[in-house]
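Asks: Got chain R sorted already, so can you dock chain L onto it with the hints?
2 protein chains.
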Amino acid sequence: IHTFIATSALHMEKKLRMTPEQVLEQSKLSVRFAKKHCPDVEFSPEDGSRSDVDFLCRVLEAVIKEGATTINVPDTVGYAVPEQFGEFIKRLREKIPNSDKAVWSVHCHNDLGMAVANSLAAVRIGGARQIECTINGLGERAGNTSLEEVVMAIRTRKDFFGLETRIDTTHIVPTSRLVSQITGFVVQPNKAVVGANAFAHASGIHQDGVLKARDTYEIMRAEDVGWSTNKIVLGKLSGRNAFKQRLKELGVELESDDAANKAFQRFKDLADKKAEIFDEDLLALVAQEAGVAAQEHWQLVTMNQASGMGQKPFAKITVLEDGKEKKSESQGDGPVDATFKAIESLAKSGAELLLYSVNAVTQGTESQGEVTVRLAKGGRIVNGVGADTDIVVASAKAYISALNKLESKAQRVNPQYQN
Amino acid sequence: IHTFIATSALHMEKKLRMTPEQVLEQSKLSVRFAKKHCPDVEFSPEDGSRSDVDFLCRVLEAVIKEGATTINVPDTVGYAVPEQFGEFIKRLREKIPNSDKAVWSVHCHNDLGMAVANSLAAVRIGGARQIECTINGLGERAGNTSLEEVVMAIRTRKDFFGLETRIDTTHIVPTSRLVSQITGFVVQPNKAVVGANAFAHASGIHQDGVLKARDTYEIMRAEDVGWSTNKIVLGKLSGRNAFKQRLKELGVELESDDAANKAFQRFKDLADKKAEIFDEDLLALVAQEAGVAAQEHWQLVTMNQASGMGQKPFAKITVLEDGKEKKSESQGDGPVDATFKAIESLAKSGAELLLYSVNAVTQGTESQGEVTVRLAKGGRIVNGVGADTDIVVASAKAYISALNKLESKAQRVNPQYQN
Numbered sequence: 008i009h010t011f012i013a014t015s016a017l018h019m020e021k022k023l024r025m026t027p028e029q030v031l032e033q034s035k036l037s038v039r040f041a042k043k044h045c046p047d048v049e050f051s052p053e054d055g056s057r058s059d060v061d062f063l064c065r066v067l068e069a070v071i072k073e074g075a076t077t078i079n080v081p082d083t084v085g086y087a088v089p090e091q092f093g094e095f096i097k098r099l100r101e102k103i104p105n106s107d108k109a110v111w112s113v114h115c116h117n118d119l120g121m122a123v124a125n126s127l128a129a130v131r132i133g134g135a136r137q138i139e140c141t142i143n144g145l146g147e148r149a150g151n152t153s154l155e156e157v158v159m160a161i162r163t164r165k166d167f168f169g170l171e172t173r174i175d176t177t178h179i180v181p182t183s184r185l186v187s188q189i190t191g192f193v194v195q196p197n198k199a200v201v202g203a204n205a206f207a208h209a210s211g212i213h214q215d216g217v218l219k220a221r222d223t224y225e226i227m228r229a230e231d232v233g234w235s236t237n238k239i240v241l242g243k244l245s246g247r248n249a250f251k252q253r254l255k256e257l258g259v260e261l262e263s264d265d266a267a268n269k270a271f272q273r274f275k276d277l278a279d280k281k282a283e284i285f286d287e288d289l290l291a292l293v294a295q296e297a298g299v300a301a302q303e304h305w306q307l308v309t310m311n312q313a314s315g316m317g318q319k320p321f322a323k324i325t326v327l328e329d330g331k332e333k334k335s336e337s338q339g340d341g342p343v344d345a346t347f348k349a350i351e352s353l354a355k356s357g358a359e360l361l362l363y364s365v366n367a368v369t370q371g372t373e374s375q376g377e378v379t380v381r382l383a384k385g386g387r388i389v390n391g392v393g394a395d396t397d398i399v400v401a402s403a404k405a406y407i408s409a410l411n412k413l414e415s416k417a418q419r420v421n422p423q424y425q426n
Numbered sequence: 008i009h010t011f012i013a014t015s016a017l018h019m020e021k022k023l024r025m026t027p028e029q030v031l032e033q034s035k036l037s038v039r040f041a042k043k044h045c046p047d048v049e050f051s052p053e054d055g056s057r058s059d060v061d062f063l064c065r066v067l068e069a070v071i072k073e074g075a076t077t078i079n080v081p082d083t084v085g086y087a088v089p090e091q092f093g094e095f096i097k098r099l100r101e102k103i104p105n106s107d108k109a110v111w112s113v114h115c116h117n118d119l120g121m122a123v124a125n126s127l128a129a130v131r132i133g134g135a136r137q138i139e140c141t142i143n144g145l146g147e148r149a150g151n152t153s154l155e156e157v158v159m160a161i162r163t164r165k166d167f168f169g170l171e172t173r174i175d176t177t178h179i180v181p182t183s184r185l186v187s188q189i190t191g192f193v194v195q196p197n198k199a200v201v202g203a204n205a206f207a208h209a210s211g212i213h214q215d216g217v218l219k220a221r222d223t224y225e226i227m228r229a230e231d232v233g234w235s236t237n238k239i240v241l242g243k244l245s246g247r248n249a250f251k252q253r254l255k256e257l258g259v260e261l262e263s264d265d266a267a268n269k270a271f272q273r274f275k276d277l278a279d280k281k282a283e284i285f286d287e288d289l290l291a292l293v294a295q296e297a298g299v300a301a302q303e304h305w306q307l308v309t310m311n312q313a314s315g316m317g318q319k320p321f322a323k324i325t326v327l328e329d330g331k332e333k334k335s336e337s338q339g340d341g342p343v344d345a346t347f348k349a350i351e352s353l354a355k356s357g358a359e360l361l362l363y364s365v366n367a368v369t370q371g372t373e374s375q376g377e378v379t380v381r382l383a384k385g386g387r388i389v390n391g392v393g394a395d396t397d398i399v400v401a402s403a404k405a406y407i408s409a410l411n412k413l414e415s416k417a418q419r420v421n422p423q424y425q426n
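Listed in order, the protein sequences are those of chains R and L. For this note's numbering, add 7 to where a residue sits in the first sequence, where the first one is 1. For this note's numbering, add 7 to where a residue sits in the second sequence, where the first one is 1.
Read the hints as simulated data drawn from the structure, not as lab findings. It is possible that some hints are incorrect.
Identical chains blur together in the list; that is why a pair holds if it fits in one copy or across any two.
Computed cross-link-like contacts, DSS-like style, restricted to lysine-lysine with a CA-CA straight-line distance of at most 27 Å [claimed, not checked]:
{"hint": "1", "residue 1": "K348", "residue 2": "K35"}
{"hint": "2", "residue 1": "K280", "residue 2": "K323"}
{"hint": "3", "residue 1": "K219", "residue 2": "K281"}
{"hint": "4", "residue 1": "K251", "residue 2": "K42"}
{"hint": "5", "residue 1": "K275", "residue 2": "K319"}
{"hint": "6", "residue 1": "K412", "residue 2": "K102"}
{"hint": "7", "residue 1": "K21", "residue 2": "K165"}
{"hint": "8", "residue 1": "K323", "residue 2": "K281"}
{"hint": "9", "residue 1": "K348", "residue 2": "K319"}
{"hint": "10", "residue 1": "K281", "residue 2": "K348"}
{"hint": "11", "residue 1": "K348", "residue 2": "K323"}
Computed from a prediction, not measured in an experiment: that's the story for all the values here.
Just chain R, same shape as in the assembly:
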């Protein structure tokens, strides 16, 4: 159980409207209560990096006494600078008499671009042994510490940190892609470790150096973080086993034979349209399959659209609603807009479109377009993903997939709400 309360003067006064003594009392009570239900309790003093060090010591000593096993100091607003933050953690650990009874952790935000460096300083200077981080650095505002950067820094600079993470780094890139597909947040090409260009050498000097000796310009190997070197894998003539094998290599295991068969069918359909099937295509195809696994209220049967300059974009769709065929057509500002309006005229979801994003999954004109649609309704936010060589069809699939998620009454483990 993770309990937290803010300990900075600013947060206590303006947000909590509590005195420091009340906050201290509340900290103890929450840990004491959590401890009754679970032996492993984490406590975070919110806005810790801007908290008074003496007060913080009192609070942390008290919660460790109550049984907190992990003390996690957040840099809630991304205000910290590495050396200062590392020294801050060190000071806390030195001043608190029972500090050795807990694992020390940090939780940094990236508002000034230093979340990774701050976390690592907390580890090296401060002696922290847990870093709270996220894939692709996602998180509130400018995001949190990037898992991939922290892991590769500790590994690459083992000489400096003298530590290990026990993470199998070859899963980093596939995981990054999966998260990007599910959330609809693109990874920018120049993102460290997982960006498309992270291992690309564009300048002549660098290329010359790498050809002579890779370590002149490479401190990490692309393979070590899971970039596959052999990009072209499957084609029209590939069989079921080759398909399954490649998915396995990509770290994907389909839940059932039925799911595998459906995915294979989609693969064959795609191979009819597209000569070479890249890893990215397979991942898009499987992500789509996973989305479809939930029971579908809406199913896309067929769609057509047309648009052009001086011509009002137009779309015509046929869907199944709970197995019953329904048709509609609509005009719009563009073919995608017309398609969404046609679907919406049947679905009448009234959902708000928060995000529409297109990624070309592989390069070249015959690439698959992967579309993410984020819808909000009644405070709930869902993402739908669709992939197709036709970007408008991909958009329709994504919209339908999002509608199905809105429809699904199943409670998610961590539902995301809009405020």
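Replies: Here is chain L on its own, set in the frame of chain R:
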């Protein structure tokens, strides 16, 4: 003039195949030569962060003696860790007798996510007074130090750094967008300072805090970096002056009355299709106008496309080539592919499509799509940008714009070549 040569043992031996004495000699010669042509000479010891400190001191002392006015220490492979890198710069400055004769600078890469923190450590611990950085952190591989993050860190943590940059921070976001549009590199939503979510508070706790007192969760104000608070600006009924005024507020000045008139006409056309014109729309519209300013070999007259499930995507286009009308049609894997093939069947450029990217410029179904097309031909790389409420039309515009750039014989100041 900026001269550089590698000084790390690894680079000297494996890449340059020179002895340290040869490198020392070459460093002196290059600065001596540059100094004859220009009083202001910068010298960089490439892979400086992995160079032997004693050898580096000899090289740097020698080049300062030759007249180098700026000494720029690069962390070429993004290997450095802040505290260590700051101490390294400090040590160099202390050991080199004539170090006070030059401005000290650093050039960091972001391979382990620490470019910003390393640069700032070099400033605070090491006493450097120049940071080489880029907008949106673009650059080789995982990119270079982000200008926006460095500038806002120094400003926000003035208490810690005690320095000023004299940069007008309100230009940061417009500049970031301009660079993103020109290069076709998207800025990920969780990018610090300039990402779409950088100032968005999603969690209920944070929103509650911000409503009570902004500084509980905000260390910077969105306005300070140029996010405009009033997003809706213009509509169908807005006049020429309102249009010009808003552009001026966005930091855009059109070169000529003719350009302003053309941009206004596009604005009116867009306002006919779209109820509300956002700042993003204006910037897209003006970026497009700037692209068209060069003389056009190819002009898009009209286009139509249709696609759907179970239907081969099809596109029909009419273009002017040097004022002469030409028509063509083509099928493709998707409507965009069909459109590109139709254009290519006339242009016969043989160019390779390196990148196809779509950004929804504003949210909502009626948003403008902005498409970037990157083409490579004969070693030259060009980007074309097109915006339209119809993403297939936007794609055609972007492709045509890229073709025109390939066609243009004009030498660019810094042409980009493919290796």
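Asks: Could you check the structure against the hints above and give me the numbers of any it violates, in ascending order?
Replies: 1, 3, 4, 6
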